[in-house]
Amino acid sequence: MSIVAEKLTHIYLEGSPNESVAIDSIDLKIEAGEFWGIIGHTGSGKSTLVQHLNALMQPTSGRICVDGDDLKDKKNRREARKKVGLVFQYPEYQLFEETVLKDIAYGPMNMGESTEKAYEIAREAMVSVGLSPDEIEGRSPFELSGGQKRRVAIAGIIAIRPRYLVLDEPMAGLDPRGRKDILNLLKTLREKTGCAVIMISHSMDDIAQFADHVAVLNEGKLYKAGSVAEVFSDMEALRRTGLDIPQAAILAERLKKQGIEIDRSIYTVEQMLDFITEKTGGVSG
Amino acid sequence: MGDLLYNKQVMARIEIKNLTYFYADGETPVLDDVSLNVNEGEILAIVGHNGSGKSTLAKHMNALLLPYSGTVKIDGMDTLNEENTLSIRQKVGMVFQNPDNQIVTTVVEEDVGFGPENLGIPTDEILSRVSSSLEAVRMSEFAKNAPHMLSGGQKQRVAIAGILAMMPEVLILDEATAMLDPKGRQDVLNIAKKLNTESNMTVVMITQYMEEAVIADRVIVMHEGKIVKTGTPKTVFAYDSDIEKYSLELPHMARLRDGLIEKGIEIPHDALLIEELEKALCPLLQKN
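Protein chains in written order, with the numbering used here: chain A, 3 to 287; chain B, 29 to 316.
Worth flagging that the hints you see were computed from the coordinates, not collected in a lab.
Treat each hint with caution, since some may be false.
To be verified - Straight-line alpha carbon distances no greater than 27 Å define the calculated BS3-like cross-link-like pairs of lysine-lysine that follow: (1) A:Lys182 to A:Lys194; (2) B:Lys222 to A:Lys281; (3) B:Lys87 to A:Lys259; (4) A:Lys194 to A:Lys259; (5) B:Lys101 to B:Lys87; (6) A:Lys226 to A:Lys281; (7) B:Lys315 to A:Lys281; (8) B:Lys211 to A:Lys223; (9) A:Lys226 to B:Lys211; (10) A:Lys182 to B:Lys257; (11) B:Lys307 to A:Lys259; (12) B:Lys211 to A:Lys258; (13) A:Lys9 to A:Lys74; (14) B:Lys273 to B:Lys257; (15) A:Lys189 to B:Lys273; (16) B:Lys273 to B:Lys315; (17) A:Lys182 to B:Lys291; (18) A:Lys189 to A:Lys31; (19) A:Lys281 to B:Lys45; (20) A:Lys151 to B:Lys254; (21) B:Lys315 to A:Lys258.
None of these values were measured; they are calculated from a predicted model.
With these hints in hand, go ahead and build the complete structure from the sequences.
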């Protein structure tokens with residue numbers, strides 16, 4: 003089971019003077035259960051790419067298959083939308099129901115569940131995003147805090163029980179605690195349900211810490227893709243695309259220049275901590 | 029004595045005394061008896077979790093919000109006196125989070141000229157301000173472009189240019205980098221830093237990113253409408269800092285530093301920058 007993009011290309015306003023190639027011949031394979039980080043500067047094509055994953059956008063050329071089904075076929079698109087849940091940027095702007103419960107239950111009801119069953123699923127989804135149904139289900143989504151609204155919006159997508167959960171900058175605009183909460187939530191959710199997580203983020207540090215795979219987009223092209231260790235082992239290449247290098251990686255690079263031998267790739271604070279502890283013979287954690 | 033000397037050198041641009049503010053229906057104050065001076069020529073970072081009151085505080089600094097009790101004075105002018113409002117807004121310019129909400133016209137240079145035009149500045153003067161402001165944010169080549177075709181970071185630079193064209197003495201960035209990518213964020217920070225060092229512009233920076241607060245001269249931490257910590261980045265993010273209590277986190281290098289200290293490795297307790305960690309770690313690692 004996997005999502006496969008083959009030569010995926012999307013051109014906006016094709017044939018017009020303002021024609022622009024948003025994504026260009028992208029080949030990418032995302033296996034069920036993986037945690038992918040998608041990075042790239044503004045305008046590199048990240049959002050366009052993820053909107054193809056659940057057939058919200060159709061390729062200009064090339065193709066996209068979810069679990070072997072080509073999304074060119076309309077019937078497959080409907081199926082794909084059940085499998086691939088997409089959380090937009092600032093998803094809380096799309097909350098609309100009178101109560102949190104109704105808002106989260108909207109998805110499952112739309113997919114044909116009975117009201118009773120949809121409510122049950124919605125309550126489970128609330129619990130999995132760390133909200134207490136007793137406290138919150140009857141409240142209006144609009145009176146919640148920013149971080150809570152974000153969770154409700156994510157719960158609304160989780161409630162369709164996607165096999166692939168795709169999120170476009172899920173941490174944007176949140177404070178440090180809110181950001182960490184969302185990241186931990188995604189991690190736990192994946193461990194519990196086995197769903198794949200595909201997350202666009204500007205934070206290389208977060209991706210270094212949480213994802214196992216990473217795709218780097220640059221000017222619509224797939225610049226690099228692979229395991230986090232592989233992609234982050236070539237900092238110079240990442241720097242050329244104008245991306246933020248994780249601070250631990252910068253420190254590692256500087257230490258190497260000072261002639262210190264570093265026998266592994268380091269891009270998180272934890273890896274650096276382990277390395278230094280070993281080297282200096284401190285008490286290892 | 030030392031204090032006296034200090035006071036003599038530092039002039040407060042903004043004086044906030046016992047400021048309390050409630051939203052219309054609220055019972056708990058958004059700002060609770062806050063006192064703070066923003067000093068001439070400093071970069072002040074204000075951090076705090078969502079809802080801690082930091083943006084509400086910033087909006088008092090150019091009379092967008094008025095105190096429920098207490099006072100806010102800009103160069104001695106009380107924000108509560110309506111006659112001061114215009115002069116205050118000229119002195120204190122504010123850039124907000126979402127660049128799309130701050131662009132009003134369809135051509136970049138017109139957008140930048142919009143503020144001074146409203147102030148009734150003569151046309152020649154407006155033109156020269158527009159060109160120097162765009163230059164300051166490195167957007168001159170986009171003067172004739174349509175703002176909506178620019179990237180988020182570019183739009184935010186245009187928004188800053190629009191503020192600069194009004195020649196403020198204090199620049200407030202209210203989470204102005206929150207919606208930008210790393211490069212756009214770095215651009216905005218560099219511009220703020222440059223305005224500060226080259227034109228002695230006072231900068232107040234409200235931010236969710238602790239890494240940004242590290243470049244400030246002074247950091248204040250807000251929590252539940254109060255200032256709970258004030259100091260240089262080195263003191264606020266020092267070892268044993270209780271910053272996590274306020275739903276914040278340490279900058280990455282401070283986190284590494286604390287981890288190392290806890291393993292018994294000797295690192296200065298206020299090391300915060302990559303260079304400082306490098307300097308402390310090199311001799312330790314070279315020995316082994």
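Evaluated hints:
1. A:Lys182 to A:Lys194: 18 Å, holds
2. B:Lys222 to A:Lys281: 40 Å, violated
3. B:Lys87 to A:Lys259: Answer violated: Lys87 (chain B) to Lys259 (chain A) is near 46 Å, above 27 Å.
4. A:Lys194 to A:Lys259: This hinted pair is violated, its Cα atoms lying about 43 Å apart.
5. B:Lys101 to B:Lys87: Status holds; Cα separation ~13 Å.
6. A:Lys226 to A:Lys281: Answer violated: Lys226 (chain A) to Lys281 (chain A) is near 32 Å, above 27 Å.
7. B:Lys315 to A:Lys281: 9 Å, holds
8. B:Lys211 to A:Lys223: Holds, because 19 Å separates the two Cα atoms, which is no more than 27 Å.
9. A:Lys226 to B:Lys211: 19 Å, holds
10. A:Lys182 to B:Lys257: 22 Å, holds
11. B:Lys307 to A:Lys259: Cα-Cα ~12 Å, so holds.
12. B:Lys211 to A:Lys258: 25 Å, holds
13. A:Lys9 to A:Lys74: 14 Å, holds
14. B:Lys273 to B:Lys257: Roughly 12 Å separates the two Cα atoms, so the pair holds.
15. A:Lys189 to B:Lys273: The given pair, whose Cα atoms are some 23 Å apart, holds under the 27 Å limit.
16. B:Lys273 to B:Lys315: Distance ~37 Å between Lys273 (chain B) and Lys315 (chain B) Cα, so the pair is violated.
17. A:Lys182 to B:Lys291: 24 Å, holds
18. A:Lys189 to A:Lys31: Roughly 21 Å separates the two Cα atoms, so the pair holds.
19. A:Lys281 to B:Lys45: It is violated: about 52 Å lies between the C-alpha atoms, which goes past 27 Å.
20. A:Lys151 to B:Lys254: Answer holds: Lys151 (chain A) to Lys254 (chain B) is near 25 Å, not above 27 Å.
21. B:Lys315 to A:Lys258: 14 Å, holds
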